[in-house]
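Asker: Taking the hints into account, I'd like the entire structure generated from these sequences.
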Amino acid sequence: MGKNDSLSDRMKRYEDTSRIFLLRRMYTIIRIDGKAFHTYTKELKKPFDHDLIYDLDETAKFLCRNIQGCKLAYMQSDEISLVLTDFDELNTSAWFDNNIQKIVSVSASMATSKFNQMRVLRNKEFLNKLAFFDARAFQVPTKTEVINYLIWRQNDAIRNSVLSVAQSFYSHEELQGKNINQMLNMISKIGLNWDNLPSGLKRGRLIYKRQENKRSFWDLLSVTPSLKEDKELVNKILPNNF
Numbered sequence: 000m001g002k003n004d005s006l007s008d009r010m011k012r013y014e015d016t017s018r019i020f021l022l023r024r025m026y027t028i029i030r031i032d033g034k035a036f037h038t039y040t041k042e043l044k045k046p047f048d049h050d051l052i053y054d055l056d057e058t059a060k061f062l063c064r065n066i067q068g069c070k071l072a073y074m075q076s077d078e079i080s081l082v083l084t085d086f087d088e089l090n091t092s093a094w095f096d097n098n099i100q101k102i103v104s105v106s107a108s109m110a111t112s113k114f115n116q117m118r119v120l121r122n123k124e125f126l127n128k129l130a131f132f133d134a135r136a137f138q139v140p141t142k143t144e145v146i147n148y149l150i151w152r153q154n155d156a157i158r159n160s161v162l163s164v165a166q167s168f169y170s171h172e173e174l175q176g177k178n179i180n181q182m183l184n185m186i187s188k189i190g191l192n193w194d195n196l197p198s199g200l201k202r203g204r205l206i207y208k209r210q211e212n213k214r215s216f217w218d219l220l221s222v223t224p225s226l227k228e229d230k231e232l233v234n235k236i237l238p239n240n241f
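Quick note on numbering: numbering that gives the first Met the number 0 labels position 220 of the sequence shown as 219, and the sequence is numbered without any gaps.
For the record, the hints were derived by calculation from the structure and aren't laboratory data. Think of the CB as a built atom: it goes at the ideal place given N, C-alpha and C, for glycine as much as any other residue. Hints are supplied without guarantee of correctness; some may be wrong.
Restraint ranges, calculated between C-beta atoms of paired labels, are given here [to be verified]: (1) Glu-211 - Leu-22: 28 to 36 Å; (2) Arg-18 - Lys-177: 46 to 54 Å; (3) Phe-241 - Lys-213: 22 to 30 Å; (4) Asn-234 - Leu-6: 51 to 59 Å; (5) Asp-8 - Ile-150: 44 to 52 Å; (6) Gly-190 - Glu-42: 22 to 30 Å; (7) Asp-48 - Ser-7: 44 to 52 Å; (8) Asp-229 - Gln-116: 30 to 38 Å; (9) Gln-166 - Val-222: 24 to 32 Å; (10) Val-139 - Gln-116: 29 to 37 Å; (11) Gln-175 - Leu-6: 57 to 65 Å.
Listed below are the simulated DSSO-like cross-link pairs for lysine-lysine, each with C-alpha atoms no more than 30 Å apart in a straight line [unchecked claim]: (12) Lys-227 - Lys-142; (13) Lys-60 - Lys-45; (14) Lys-45 - Lys-128; (15) Lys-201 - Lys-113; (16) Lys-101 - Lys-70; (17) Lys-128 - Lys-44; (18) Lys-113 - Lys-41; (19) Lys-188 - Lys-201; (20) Lys-45 - Lys-123.
Answerer: Written as structure tokens, this is what we have:
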């Protein structure tokens with residue numbers, strides 16, 4: 000019995016060496032990315048596959064509903080960014096006590112299972128083409144830095160959007176070395192105005208929790224603003240951590 004206890008304790012100590020916890024009462028960000036989505040989306044509609052976008056958005060809503068402390072989600076390309084807090088009240092607890100291994104493993108598995116469910120419900124052929132997601136989790140100290148993070152991801156969304164449209168009409172060689180403004184000019188030359196695209200296709204999409212009659216609803220924002228110009232939107236959604 001003593002030997003078994005010793006073995007158990009030793010194995011648990013091995014586990015404990017890699018058990019890392021994020022700090023409490025900080026803004027936690029989880030970014031979930033599609034694995035090898037360049038290959039996964041190769042046969043899908045270009046420049047934008049609306050079924051894929053819908054399924055990713057529904058996956059984000061599922062994550063928002065089921066991840067403790069989630070306040071908003073931002074989606075673009077093949078990624079979902081979640082912002083979590085654990086300071087709504089004095090005794091508010093953190094998801095998995097901020098155990099980073101559990102946060103990233105469970106959030107990635109939740110995204111993978113829900114997204115594949117959405118795809119298979121749409122077309123059973125997706126059973127032979129499963130998608131996978133990875134996740135990373137980290138923290139920023141202030142609401143301002145959360146907003147700056149989202150601006151960073153939105154800047155990436157804009158680049159991805161312009162590039163996707165340009166790639167639909169021009170070859171890799173024609174686009175090589177071109178910056179965003181040059182690609183926009185090339186797009187306009189074929190009679191398209193990128194600015195006229197729906198905001199979600201240009202700047203990504205945002206999900207937030209809306210309260211109505213003591214009930215909560217996770218809503219997709221109908222128009223996605225420039226987060227660099229409209230910082231007040233996220234400022235209203237997120238609580239202060241002081």
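Asker: All hints are to be evaluated individually against the structure, with a verdict given for each.
Answerer: Checked hints:
| no. | hint | result |
| --- | --- | --- |
| 1 | Glu-211 - Leu-22: 28 to 36 Å | holds, 33 Å |
| 2 | Arg-18 - Lys-177: 46 to 54 Å | holds, 47 Å |
| 3 | Phe-241 - Lys-213: 22 to 30 Å | holds, 27 Å |
| 4 | Asn-234 - Leu-6: 51 to 59 Å | holds, 53 Å |
| 5 | Asp-8 - Ile-150: 44 to 52 Å | holds, 48 Å |
| 6 | Gly-190 - Glu-42: 22 to 30 Å | holds, 27 Å |
| 7 | Asp-48 - Ser-7: 44 to 52 Å | holds, 50 Å |
| 8 | Asp-229 - Gln-116: 30 to 38 Å | holds, 34 Å |
| 9 | Gln-166 - Val-222: 24 to 32 Å | holds, 26 Å |
| 10 | Val-139 - Gln-116: 29 to 37 Å | holds, 31 Å |
| 11 | Gln-175 - Leu-6: 57 to 65 Å | holds, 59 Å |
| 12 | Lys-227 - Lys-142 | holds, 14 Å |
| 13 | Lys-60 - Lys-45 | holds, 24 Å |
| 14 | Lys-45 - Lys-128 | holds, 18 Å |
| 15 | Lys-201 - Lys-113 | holds, 25 Å |
| 16 | Lys-101 - Lys-70 | holds, 19 Å |
| 17 | Lys-128 - Lys-44 | holds, 16 Å |
| 18 | Lys-113 - Lys-41 | holds, 21 Å |
| 19 | Lys-188 - Lys-201 | holds, 19 Å |
| 20 | Lys-45 - Lys-123 | holds, 21 Å |
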